[in-house]
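Enquirer: The primary structure of each chain is shown beneath.
2 protein chains.
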Amino acid sequence: MTITVIGVGLIGGSMAISLKENGFAKTIIGVDKKTENLDKALRRRIIDEAMSLEQAIAVSDIIILAIPVNAMLQVLPIILDKVDRQIVLDVGSTKVQLAHAAEKHPNRGRYVATHPMAGTEFSGPEAAIPNLFDHKCTVICDAEKSDKDALAKTIALYESLPMNIVEMDSIQHDVHTAYISHISHISSFALALTVLEKERNENRIFELASGGFGSTVRLAKSSPDMWTPIFQQNRDNVLDVLDEHINSLAQFRTLLIKNDFERIYQLIEEANSISKILK
Amino acid sequence: MTITVIGVGLIGGSMAISLKENGFAKTIIGVDKKTENLDKALRRRIIDEAMSLEQAIAVSDIIILAIPVNAMLQVLPIILDKVDRQIVLDVGSTKVQLAHAAEKHPNRGRYVATHPMAGTEFSGPEAAIPNLFDHKCTVICDAEKSDKDALAKTIALYESLPMNIVEMDSIQHDVHTAYISHISHISSFALALTVLEKERNENRIFELASGGFGSTVRLAKSSPDMWTPIFQQNRDNVLDVLDEHINSLAQFRTLLIKNDFERIYQLIEEANSISKILK
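If you read the sequences in order, they're chains A and B.
The numbering of the first sequence is the numbering used here, which starts it at 5 and goes up by one.
The numbering of the second sequence is the numbering used here, which starts it at 5 and goes up by one.
It is worth saying that the hints were derived from the structure and are not from the lab.
Only a predicted model underlies this, so the values are computations on that prediction, with no experimental measurement involved.
Identical copies carry no separate label here, and so any pair may be met within one copy or between two of them.
In silico BS3-like links for lysine-lysine, alpha-carbon gap of 30 Å or less:
1) K152 to K24
2) K202 to K262
3) K44 to K280
4) K280 to K38
5) K202 to K140
6) K202 to K280
7) K44 to K30
8) K149 to K202
9) K37 to K280
10) K157 to K30
11) K152 to K108
12) K157 to K37
This is chain A alone, in the form it adopts within the complex (with noise of 0.2 Å):
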């Protein structure tokens, strides 16, 4: 199998690593806008070949399209007036609004959203690392719109890495991953401002930060590039929960002001139930 990938960064190139360790792919081609990551690719050894996106569809079975979100938006209806047997697979982190692009394309069977849960801090080529995958979950949105045969290869890519498939629609998925996502980064990038401004004056602080800090803060080193168009695009979604966090921040604050210490222990002790779900 031939699988092109569109955007050889870090969820781009890790599948890329991936599927041509396991076998799933015999060939990987690597599309990029940027030449310097196409060389890194190369040089790597995450990619077999780079070409032109003309080039690269009319030669593969499978494209996986892993750029930005806001990308991913011009680059479908794009990539899927071109195809006729290809599969085309998005790994994007919103899925609303791409549901939207491709819904009225002739060629929408030939396309499955996807969006593998799996991820770091880091990105570009550089950042693209074996089994990044191993276990974790991926969604399949509306997975009645897409052709079966291109469903049943997708299920079969992303079971070879090897990850769970979960099912649901576009709507669900942007609720859902704004609660176990969105929000973590936001509340990192905001932790971070927040401790970066104090350490204008403090310059010691940083000294003392240890591993509670490390692991708050450590999505706070996520790219702009690919978290604003998410924001963006999960901006409803995003601003409900946002809301909420904050609500829940303030009861905190409350309570403090009227050092109500017994309700405060209490709320802890229900937070700690997220060790029944999170191992």
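Since the structure of chain A is provided, determine the placement of chain B on it from the hints.
Expert: Chain B only, in chain A's frame:
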């Protein structure tokens, strides 16, 4: 050297393991108000012997106080009443109130206020692990108030782990830890509560929880027995930082409402500079 650890949990237990392993301690004595903790610590060979507080103080060279910070306020003066040549050090996450509790004691010189900046979200003797402190940072507070020999031996103890040592006064310490530790915990607890609330209605949400969510919410597993008294003792600083953090989130909220994604892009770029500081 005979070292007593009062409170054989995550921090006390981990120190016991490392100090025995590196030869700094010949014998480790455990004191804990929960007999089951002492039993576990003995079975895991974290401690050599279990004793009452009084017996333990009499035979020890160094006494490490590793209990929740509210209990420390009670126990530290009792220990200071009983020591002469021994050194007492605490490993608590807040320092100002404890400094007040010790200030006027005739044996104040035997006490060294320390805070090894290391931990995990787990607690109890079962959470004690080797190498928890490796190359992390310990703060020593108000060092000038400790006897020279007590300070020197405490520094030697932490250097044996091995840890880096930073000195500052209690007031500075409590401001800094509000920024780089306490706020991360409140943020995690609040985020867990936000998502758990949603999950009552949407039970599929956690199938998707991936790496990013796990790392920001990890701290929400932390013990209320440990953290409630920390927030209580450092209430004023925590409130200040919490206000700043809520403002910082409110800024994202306003920009989302205004659809000002250019400014959001810039804020994420600013937040990214945390990576210069956190490796």
